[in-house]
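A.B. asks: Required output: the full structure, derived from the provided sequences and hints.
There are 2 protein chains.
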Amino acid sequence: MAVYTDVTAEDLNALLERYDIGGLTAFKGIAEGVENSNYLLATQSAQYILTLYEKRVDEGDLPFFLGLMEYLADRGLPCPRPVRDLGGHVLQMVAERPAAIVTFLQGYSIRKPTPAHCEAVGASLGQFHRDAEGFAIRRPNGLSLKGWRLLMDAIGARSDLFKAGLGRKLEHAYADLERAWPSGLPAGVIHADLFPNNVFFLGNRISGLIDFYFACNDLLAYDLAICMNAWCFEIDHAFNVTKAKALLKGYTAVRPMTGPEIEALPCLAQGAALRFLLTRLYDWFETPETALVKRLDPNEYLRKLEFHQSVRSAGEYGI
Amino acid sequence: MAVYTDVTAEDLNALLERYDIGGLTAFKGIAEGVENSNYLLATQSAQYILTLYEKRVDEGDLPFFLGLMEYLADRGLPCPRPVRDLGGHVLQMVAERPAAIVTFLQGYSIRKPTPAHCEAVGASLGQFHRDAEGFAIRRPNGLSLKGWRLLMDAIGARSDLFKAGLGRKLEHAYADLERAWPSGLPAGVIHADLFPNNVFFLGNRISGLIDFYFACNDLLAYDLAICMNAWCFEIDHAFNVTKAKALLKGYTAVRPMTGPEIEALPCLAQGAALRFLLTRLYDWFETPETALVKRLDPNEYLRKLEFHQSVRSAGEYGI
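Each protein sequence line maps, in turn, to chains A and B. Each residue of the first sequence is one higher than the last, beginning at 1 in the working numbering. Each residue of the second sequence is one higher than the last, beginning at 1 in the working numbering.
What the hints contain is simulated information worked out from the structure, not anything from laboratory work.
Label-pair distances were calculated between CB atoms; the ranges are:
1. B:G76 x A:M93: 35 to 43 Å
2. B:S45 x A:E54: 34 to 42 Å
3. A:A95 x B:I319: 33 to 41 Å
4. A:L86 x B:S45: 33 to 41 Å
Result set (DSS-like, lysine-lysine): computed pairs, CA atoms no more than 25 Å apart in a straight line:
5. A:K28 x B:K294
6. A:K28 x B:K112
7. A:K294 x A:K28
8. A:K294 x A:K163
9. A:K294 x A:K55
10. B:K28 x A:K55
Ideal Cβ placement from N, Cα and C applies to all residues, glycine included.
C.D. replies: Here you go:
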């Protein structure tokens with residue numbers, strides 16, 4: 001939620017000369033996305049978002065992210081469409097950073113989703129999975145089992161500084177997941193970060209999915225397990241089965257799930273909870289308290305992990 | 001340049017029910033203004049800016065600031081116009097902060113002003129001074145001689161920690177200004193912070209003046225002296241007399257200056273440089289290095305102060 005790199009009107013006027021989208025009429029740094037700098041750009045033709053990719057995004061991944069957005073936009077998914085310059089290029093350099101202009105989407109993210117919102121998100125995630133079929137570039141998920149191990153090693157003994165006994169809990173959870181992680185389930189491109197701040201609504205209708213910078217190839221049902229963690233808990237971290245039921249209903253109406261996928265949900269949900277617990281814990285120690293980015297509380301995901309560990313079967317999620 | 005207070009779509013939908021400007025279609029936190037939180041608000045009718053007033057703004061001053069913006073907008077000055085709700089009120093409470101919706105202005109601030117930009121700024125400042133005549137509310141300038149004394153006392157011995165010998169320089173400069181500060185010059189409402197980031201251009205034409213939250217009653221020529229400091233030095237802090245000439249030409253074409261005003265310019269310019277040197281120095285010690293707001297270098301204004309101290313007469317400014 002920050003603007004890390006300063007862009008001048010002079011930079012933008014030079015950039016826009018390479019496009020056929022009109023001259024600059026306004027621009028503002030906006031607080032959207034945690035990894036990159038974003039500017040709202042108004043030209044004589046329309047509004048756009050200019051994203052500058054900061055160091056946490058690997059430049060080699062940009063053809064995957066930007067190609068995926070264009071591929072999905074072509075198929076009608078409401079997501080930002082990268083705008084090509086007069087030479088057909090999407091990727092630019094602005095203020096010494098890789099950068100891209102994408103279309104502006106109406107709508108706004110909501111803080112307190114209702115079951116109707118959850119059902120809409122489920123349907124959009126199903127559409128995302130179907131629309132992404134056939135996308136040619138591949139990107140492995142760096143934040144699955146192997147990545148979690150690397151994060152745990154990097155955090156090391158500090159997990160017990162955060163909370164006594166946490167290190168042992170993490171090791172147990174990891175060992176369980178390593179043993180039980182499913183293979184052979186339907187796989188494809190997943191969003192991998194479809195939290196409420198990355199979904200725009202107009203009323204109960206979804207007007208946009210944004211922030212594709214964790215997208216990768218992995219099990220489709222794992223993406224749904226991430227959404228279950230992100231959308232179906234209350235502010236006091238209590239699980240809301242009505243919302244989970246709505247999410248799963250919306251998803252399966254678009255993309256029916258296989259039996260093994262449904263059975264694997266508790267395990268996948270534990271994995272999703274561990275993934276966000278570990279990145280939050282890592283950031284907790286690596287981010288200064290007064291930094292531009294607000295640190296998110298790892299405890300929230302520890303509680304979610306413990307909830308999923310207590311689940312005996314997918315039926316408890318309302319499916 | 002930050003969003004300090006988090007506003008939800010739920011907050012905004014509730015707020016917009018009190019207005020006749022259509023339903024919410026998008027909103028983004030924007031990096032504009034250093035004192036307040038700002039959101040770009042799109043509704044079915046148009047775009048607006050929502051400002052939440054943070055603790056550095058005195059609530060008692062809001063009728064002055066908002067009243068002035070409406071007064072000037074009524075007279076045709078391109079500035080944000082506060083939007084009245086169905087009950088005729090401008091001031092609201094949002095997320096437990098005083099807040100107001102104002103109209104969105106096209107244009108963008110520039111980093112490297114040309115003499116043509118400086119002439120346009122001079123003319124707009126003259127227009128501001130003329131248009132503000134007759135505005136009924138008064139607000140004394142808290143950042144004039146008395147305020148500088150308070151800041152110097154608050155900074156205390158720390159000025160020498162910033163730079164050896166600085167404390168003595170400040171005392172000398174202050175004593176000079178206290179002795180020479182003019183009285184009896186034309187006074188009125190001044191903007192008091194018309195820096196490049198508070199002026200929007202479309203090409204060489206000014207499309208908006210923003211950020212009225214330092215406006216107050218003071219000597220009109222002091223406002224021009226602030227602009228001379230803000231617009232007429234190069235990035236290496238060298239004075240550019242061509243830009244000063246253009247600024248003064250633009251200003252006097254709209255509002256001719258009296259002889260005593262012209263004579264007082266070197267003194268007023270020293271005062272303006274001291275004012276920004278002191279607030280930057282104060283913020284230097286009071287703002288953590290990693291805070292949301294980037295600290296501005298006090299040295300820039302020490303060099304400007306020393307330049308103005310070397311000026312023998314207003315003729316050296318090109319007038």
